[in-house]
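Sequences listed follow chains A and B, in order.
Read in order, the letters of the first sequence are residues 1 to 409 in UniProt numbering.
Read in order, the letters of the second sequence are residues 1 to 409 in UniProt numbering.
There's no promise every hint is true.
Which copy? The list can't say, so a pair holds if one copy fits it or any two copies do.
[What the hints assert, rightly or not] Cross-link-like lysine-lysine pairs, in silico, DSS-like; alpha carbons within 30 angstroms at most:
| no. | residue 1 | residue 2 |
| --- | --- | --- |
| 1 | 356 | 136 |
| 2 | 368 | 34 |
| 3 | 36 | 368 |
| 4 | 368 | 402 |
These are computed hints drawn from the structure, not numbers from a lab.
Number of protein chains: 2
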Amino acid sequence: MAQAISSKEVVILEEGSVTLPLGFKAGGIHCGIKRKKLDLGYIVSDVPAIAAGVYTTNIFQAAPLLVTQESIAKENKIQAILVNSGNANACTGEQGLTDAFEMQKEFASELGIQSHLVGVTSTGVIGELLPMEKIKTGIKQILMNEYENEENFKKSILTTDTCMKQIAVQVKIDGKTVTIGGTAKGSGMIHPNMATMLGFVTTDANVAHDDLLYALKDVTNQTFNMITVDGDTSTNDMVLVMANGLVANNQLTKEHPDWELFVDGLKIVCESLAKKIARDGEGATKLIEVQVNGAYSQNEARAVGKSIISSNLVKTAIYGTDPNWGRIVTAAGYSGVPIEPSLLDVSLGQYKVFEKGLPCPIVEEQVKEYLQQENIKILVELNQGDYNATAWGCDLTYDYVKINASYRT
Amino acid sequence: MAQAISSKEVVILEEGSVTLPLGFKAGGIHCGIKRKKLDLGYIVSDVPAIAAGVYTTNIFQAAPLLVTQESIAKENKIQAILVNSGNANACTGEQGLTDAFEMQKEFASELGIQSHLVGVTSTGVIGELLPMEKIKTGIKQILMNEYENEENFKKSILTTDTCMKQIAVQVKIDGKTVTIGGTAKGSGMIHPNMATMLGFVTTDANVAHDDLLYALKDVTNQTFNMITVDGDTSTNDMVLVMANGLVANNQLTKEHPDWELFVDGLKIVCESLAKKIARDGEGATKLIEVQVNGAYSQNEARAVGKSIISSNLVKTAIYGTDPNWGRIVTAAGYSGVPIEPSLLDVSLGQYKVFEKGLPCPIVEEQVKEYLQQENIKILVELNQGDYNATAWGCDLTYDYVKINASYRT
Numbered sequence: 001m002a003q004a005i006s007s008k009e010v011v012i013l014e015e016g017s018v019t020l021p022l023g024f025k026a027g028g029i030h031c032g033i034k035r036k037k038l039d040l041g042y043i044v045s046d047v048p049a050i051a052a053g054v055y056t057t058n059i060f061q062a063a064p065l066l067v068t069q070e071s072i073a074k075e076n077k078i079q080a081i082l083v084n085s086g087n088a089n090a091c092t093g094e095q096g097l098t099d100a101f102e103m104q105k106e107f108a109s110e111l112g113i114q115s116h117l118v119g120v121t122s123t124g125v126i127g128e129l130l131p132m133e134k135i136k137t138g139i140k141q142i143l144m145n146e147y148e149n150e151e152n153f154k155k156s157i158l159t160t161d162t163c164m165k166q167i168a169v170q171v172k173i174d175g176k177t178v179t180i181g182g183t184a185k186g187s188g189m190i191h192p193n194m195a196t197m198l199g200f201v202t203t204d205a206n207v208a209h210d211d212l213l214y215a216l217k218d219v220t221n222q223t224f225n226m227i228t229v230d231g232d233t234s235t236n237d238m239v240l241v242m243a244n245g246l247v248a249n250n251q252l253t254k255e256h257p258d259w260e261l262f263v264d265g266l267k268i269v270c271e272s273l274a275k276k277i278a279r280d281g282e283g284a285t286k287l288i289e290v291q292v293n294g295a296y297s298q299n300e301a302r303a304v305g306k307s308i309i310s311s312n313l314v315k316t317a318i319y320g321t322d323p324n325w326g327r328i329v330t331a332a333g334y335s336g337v338p339i340e341p342s343l344l345d346v347s348l349g350q351y352k353v354f355e356k357g358l359p360c361p362i363v364e365e366q367v368k369e370y371l372q373q374e375n376i377k378i379l380v381e382l383n384q385g386d387y388n389a390t391a392w393g394c395d396l397t398y399d400y401v402k403i404n405a406s407y408r409t
Numbered sequence: 001m002a003q004a005i006s007s008k009e010v011v012i013l014e015e016g017s018v019t020l021p022l023g024f025k026a027g028g029i030h031c032g033i034k035r036k037k038l039d040l041g042y043i044v045s046d047v048p049a050i051a052a053g054v055y056t057t058n059i060f061q062a063a064p065l066l067v068t069q070e071s072i073a074k075e076n077k078i079q080a081i082l083v084n085s086g087n088a089n090a091c092t093g094e095q096g097l098t099d100a101f102e103m104q105k106e107f108a109s110e111l112g113i114q115s116h117l118v119g120v121t122s123t124g125v126i127g128e129l130l131p132m133e134k135i136k137t138g139i140k141q142i143l144m145n146e147y148e149n150e151e152n153f154k155k156s157i158l159t160t161d162t163c164m165k166q167i168a169v170q171v172k173i174d175g176k177t178v179t180i181g182g183t184a185k186g187s188g189m190i191h192p193n194m195a196t197m198l199g200f201v202t203t204d205a206n207v208a209h210d211d212l213l214y215a216l217k218d219v220t221n222q223t224f225n226m227i228t229v230d231g232d233t234s235t236n237d238m239v240l241v242m243a244n245g246l247v248a249n250n251q252l253t254k255e256h257p258d259w260e261l262f263v264d265g266l267k268i269v270c271e272s273l274a275k276k277i278a279r280d281g282e283g284a285t286k287l288i289e290v291q292v293n294g295a296y297s298q299n300e301a302r303a304v305g306k307s308i309i310s311s312n313l314v315k316t317a318i319y320g321t322d323p324n325w326g327r328i329v330t331a332a333g334y335s336g337v338p339i340e341p342s343l344l345d346v347s348l349g350q351y352k353v354f355e356k357g358l359p360c361p362i363v364e365e366q367v368k369e370y371l372q373q374e375n376i377k378i379l380v381e382l383n384q385g386d387y388n389a390t391a392w393g394c395d396l397t398y399d400y401v402k403i404n405a406s407y408r409t
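Whenever a hint applies, use it, and build me the whole structure from the sequences.
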């Protein structure tokens with residue numbers, strides 16, 4: 001494990017991921033959905049784990065999401081997750097549902113566990129039936145030792161992503177070390193809600209189901225639901241958390257003295273993955289962070305942040321290192337939030353460009369130089385109330401157009 | 001005037017514009033806001049005209065919009081419009097307001113009319129003060145005969161537009177020929193509401209103010225508010241209609257027997273301009289029309305249409321001539337409208353690609369060939385209710401990114 005950036009209470013392990021918590025293994029293979037790359041992966045826990053999920057709000061929820069939700073509902077647990085990339089199994093009707101159930105059943109049979117203990121999910125092209133023979137052949141081989149490898153899993157879930165994404169944290173619960181690890185994939189059709197991506201989080205903590213679900217929803221609203229790449233909310237997004245309890249701490253609930261610490265750890269994992277997805281947005285060259293302060297409510301702060309981070313004009317200006325703050329103010333102005341123009345301040349990094357509703361004198365070249373960095377911070381101060389929010393996204397580039405003008409064919 | 005494409009009751013004059021109705025003249029000059037192109041233009045009526053306007057919903061409404069709204073409110077009339085391009089006079093505070101009033105006063109003085117009879121509007125870069133000396137010098141020269149020219153006006157309002165936009169229609173009201181002419185500019189920050197553009201419509205009809213305003217709002221909701229280029233709602237959008245009554249028909253109100261015909265004519269003008277703006281969106285190579293049928297309400301039909309036409313993924317797929325209907329279905333699915341997946345049909349041109357919630361067998365090459373055309377029609381049938389809507393937009397291309405990564409600097 002690489003170096004640990006530790007704060008007092010949360011140890012961050014940049015290289016850690018889903019198999020760092022006790023009792024989890026993961027792997028992946030190439031089964032033939034994609035031409036060459038890994039396209040089928042799994043996470044398995046030694047014992048059934050308390051499970052919580054959040055799912056896309058798109059009306060055309062893909063078949064595997066329906067299967068996974070229904071399965072978790074049976075006893076709030078799963079023991080394994082099977083993921084394929086290259087084909088979303090979305091808009092595939094009854095046959096798609098049959099296929100998702102079959103994926104689940106076949107993998108459960110290999111593991112020797114009940115079907116409803118397997119969560120299934122898919123990502124890739126919409127509207128094509130899964131190549132079930134290839135997937136079934138893959139499922140028969142995937143548990144072989146040679147494919148058991150966390151890196152294989154992290155690779156097998158990717159589509160147009162350019163890199164794997166992972167993070168783990170450790171916190172002390174009842175004096176015992178609890179680990180939370182995660183991985184995720186982006187990188188197009190990325191827009192709240194929900195996360196418009198796949199995220200997998202594992203932990204060896206013992207957590208009550210309802211509280212875990214509550215924490216996941218709350219954290220998702222602050223992290224995965226605050227990123228956008230292109231404003232398109234996919235049919236397949238989900239984040240799953242598995243908590244297998246192998247650390248044997250006293251069960252975590254909202255009443256547990258270390259509850260906040262556990263949620264902080266979960267939030268660090270989800271925020272880190274969310275930012276990595278935004279940075280790795282299709283064609284992106286920069287990560288953009290929009291911090292909105294001083295709103296009348298949490299929802300208003302989020303709405304302003306999302307409006308700015310979703311603006312194609314803001315995104316292209318950042319790509320072109322153009323300190324065109326007028327586009328930021330414009331996007332705030334159409335967010336639907338009752339902003340008071342004469343109170344608004346905007347900064348790009350350390351440079352204040354707009355103050356109390358008026359442009360500030362700036363040295364254009366200085367700000368342009370700032371915008372050449374890879375991490376851009378936009379600070380918007382509404383100066384109206386006490387609520388803040390952060391949103392993350394990326395610039396809009398030639399490569400975004402290139403990737404999406406020819407992704408499928 | 002070029003050839004007239006006449007329907008039975010509405011004669012369409014593709015080359016007609018704002019000076020075709022009786023008693024209007026227009027012109028434009030280069031006053032120095034832009035480097036070379038025309039940047040200051042006017043429309044003047046021989047007599048005060050009943051005026052109606054619709055304005056951006058962006059909270060940061062630019063100074064000239066405030067001035068124009070306030071002025072029209074005085075007696076529901078204006079006699080002239082002064083427009084500059086190259087500078088939006090937006091986010092310019094008290095000084096911006098003072099400058100807009102001064103533009104108005106100076107031009108009124110040249111015309112020898114009261115200030116409140118001049119509407120003013122601006123388009124271009126946000127957050128810079130108007131170069132008032134240049135504008136004032138321009139105003140002193142602009143009424144000279146050599147600059148009086150409808151084409152000059154149509155050019156003077158453009159920013160990144162690649163072409164002028166115009167249309168006129170003629171209808172018989174009380175047996176007299178009434179002409180309605182219009183011009184508009186796009187072509188970035190184009191998204192409802194309102195039109196995110198400038199539109200100017202003139203007519204020699206005699207129309208009651210309240211009814212004219214009602215008709216303009218209704219027509220705008222079906223036309224200018226149904227287009228998008230990039231989802232960004234500008235600070236400066238407005239559409240102004242001037243009706244100078246020189247045809248001397250009996251005053252048009254909702255009770256007039258020819259009222260519907262007049263509104264039809266107005267709608268044809270606005271729809272034509274709206275489509276031209278969409279087609280001339282920044283970097284666009286294609287006009288996309290999304291027809292949504294069978295919704296439970298007008299608003300739901302519009303919401304589905306806007307969601308699809310705004311999707312970067314749909315726009316890039318069309319650019320790449322990729323029959324990726326999954327992105328269309330996805331965008332419908334996150335529109336917020338309670339669609340029933342198993343009832344949904346989608347066609348690209350004459351090719352049905354999705355029926356009752358399932359993919360249709362298609363000959364990929366045929367659909368790809370269709371998508372190579374310049375005008376693409378997407379038909380979405382919800383099969384739920386009786387309401388329909390149409391939305392227009394354009395593809396998302398390398399050139400959009402190029403234009404917007406470096407527009408300002």
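Now for the hints, and whether the structure bears them out:
1. Taking identical chains as interchangeable, the C-alpha atoms of residue 356 and residue 136 lie at most 30 angstroms apart only when they sit on different chains, with a minimum of 29 angstroms there against 62 angstroms within one chain.
2. In this assembly of identical chains, residue 368 and residue 34 lie within 30 angstroms of each other by CA distance solely across copies; the values are 22 angstroms between and 41 angstroms within a copy.
3. In the homo-oligomer, the alpha carbons of residue 36 and residue 368 lie at most 30 angstroms apart only across protomers (26 angstroms), although the nearest pairing inside one protomer, at 41 angstroms, exceeds that limit.
4. When the C-alpha separation of residue 368 and residue 402 is checked against a cutoff of 30 angstroms, the pair qualifies both within a copy, at 26 angstroms, and between copies, at 17 angstroms.
Going down the numbered hints, you'll see the structure goes against none, and every one checks out.
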